[in-house]
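*Asks:* As a plain string of letters, each chain reads:
Protein chains: 2
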Amino acid sequence: MCSSNPVDKLLGMCTTANNREIIEPRIIQLVRELTAAPATDEVADALKPVMEQVVDQAASSSQGGKRLRALLALDAFDILAGDVTPDRRDAMIDLACAIEVFQTAALVHDDIIDESDLRRGKPSAHHALEQAVHSGAIGRGLGLMLGDILATACIEITRRSASRLPNTDALNEAFLTMQREVEIGQVLDLAVEMTPLSNPEALANASLNVFRWKTASYTTIAPLLLALLAAGESPDQARHCALAVGRPLGLAFQLADDLLDVVGSSRNTGKPVGGDIREGKRTVLLADALSAADTADKADLIAIFEEDCRNDNQVARTIELFTSTGALDRSRERIAALWGESRKAIAGLELNSEAQRRLTEACARFVPESLR
Amino acid sequence: MCSSNPVDKLLGMCTTANNREIIEPRIIQLVRELTAAPATDEVADALKPVMEQVVDQAASSSQGGKRLRALLALDAFDILAGDVTPDRRDAMIDLACAIEVFQTAALVHDDIIDESDLRRGKPSAHHALEQAVHSGAIGRGLGLMLGDILATACIEITRRSASRLPNTDALNEAFLTMQREVEIGQVLDLAVEMTPLSNPEALANASLNVFRWKTASYTTIAPLLLALLAAGESPDQARHCALAVGRPLGLAFQLADDLLDVVGSSRNTGKPVGGDIREGKRTVLLADALSAADTADKADLIAIFEEDCRNDNQVARTIELFTSTGALDRSRERIAALWGESRKAIAGLELNSEAQRRLTEACARFVPESLR
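Those protein sequences? They're chains A and B, same order as listed.
Quick note on this note's numbering: the first sequence kicks off at 1 and runs consecutively.
Quick note on this note's numbering: the second sequence kicks off at 373 and runs consecutively.
Just so you know, the hints here were simulated from the structure itself, not pulled from any lab data.
All of these numbers come straight from a predicted model, not from anything done at the bench.
Straight-line alpha carbon distances no greater than 27 Å define the calculated DSS-like cross-link-like pairs of lysine-lysine that follow:
1) B:438 with B:494
2) A:48 with B:653
3) B:670 with A:48
4) B:420 with A:298
5) A:298 with A:281
Input sequences plus hints: build the corresponding full structure.
*Replies:* Shown next, in the form of structure tokens:
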């Protein structure tokens, strides 16, 4: 329960904790409702068991997220909209959930593309369905369709929520644009994997560009935009502000994620250290290292990344080169500068000092304290 | 060009031919616009070539359809709405195109699930992209994402169109429900493939149920519903009428498609005769044959369909059994009865006799004349 202790209020932690408790069960409830067959007709008895497996998998795949995006949307709305009717806040809660449902949809397809058997420590959706129906081909097909169903579900959640909020049409448009941006980002992410390593400046530029489309779009820009629109801000102004704050913040978030993959403990990110290097992922870190490396080190790095896979020694050597070339420091500088840009944009929003402080705090969750 | 000859008008052929000429280029235009990156940001130069390949493939995959669904939507609108402003008709044209874009999205994913290399006589989207980027894994990934992008695009087209038509929210809801129904239908279609052949009544029932979700939903029910709503009909009444006319019509369409696969010439359907049998597809024809067969024939059929693939002799033997058991005649009876049901529902719509005749004609295109 939310305490009325002024210290809690000052810290702003209580709202966020409460919001998380509200969001989590609501996501599962919405996913169960909207991945099941609609009430427009019956499902034949013989087909119900498979339908139930898909709905159960939808719920299972929806669990375990950090809910950073929904929390940013809902916290920003609470800060910007102030006291609103319960119905309007309920609509905003669902809209925040829609972003998380969209993320699950994207991850389900991402795991099929990457042929990943694991997600958040559990079997990935298509892998779990392969096991459930004892068929690789049918299980993968069901996984692909589950991604489709979830992608449609999040738009339907948005449609229902937006009809109960101001800026209805702009909200629907913003959500669809976000979805399109991420899908384009996934295409560009695949394109980066085919980018030659011989031109590191182009690679750094391309990687940052992918971050804008694939990550910043739905992680920070859309949550802020949806909150601003739902709080009644004019669409043009809302887009301008969401981009000014959310674009650098989203880039910083992804850069920090990539940096933690190299320097962080596996406890922090839930992934083994150097996983991106092992997979041969083309990151800004790699581009910065290639840019700063001398001829011999550059040739070494290119040779390591042009192999089909990398062993422990090669991962260790890469981390050594990321450090010695200054690529890690360069990323720290990039992150700090982007966070500064985002803070400055928040300061320009014409909020009272309390609102500005709370919004800064909500945004700060996307950048680890040591990197701000 | 549309002639003013009264015989042409009487036949109603002119409008349909003209509508087809309007729809075709508009689909390509919308697809090119909405599969490209949105104007919200730049795409890095190094990544543009792949983005262009995806947009070109989106356009290519969008070509060659019969446009039956868009034509039904637009013809029904013209019949029901009468004279409207050019802007309202343009909005309805785009809404009709959205159904075709959705179909392309669904087919792109369907081809990945079925591992089909061909579609409409050309390489399927994922297969073409595999060849274009010289990588199976990345090409398939791009194909999967292209399906996602097209699925989002058709909803954006709908959003823009619906905002210029009456019943805006009901139109958006109807489109999303259609999309969800088809996606559920694809899941159920995969489930049917796992249904045992030992209970043919359950199989016939399950197959017809899949037709409702996977085919009737977007082939006949949604085109009629979108037309009725865009013409200003009340949502409840529109849903009731679209279902009454479109449900039996869509089932008849799919039954006829399956029947033509067995008895039709490859010229008519663009597919080799017996293709469904060769693939081992669980159809209503198979269920009806199993129901009516004597013990020996039933065992024969089950043995043929439980194998991994079927040769020419087995296909011929199956067609023989579909004929001798009366399954083909049973399907003809089913189709005629469903078409009769659809006609009766049209007659109950309280249209003037000219509108009733034209709507009957628009619906009749879904059932070959010899089977009505």
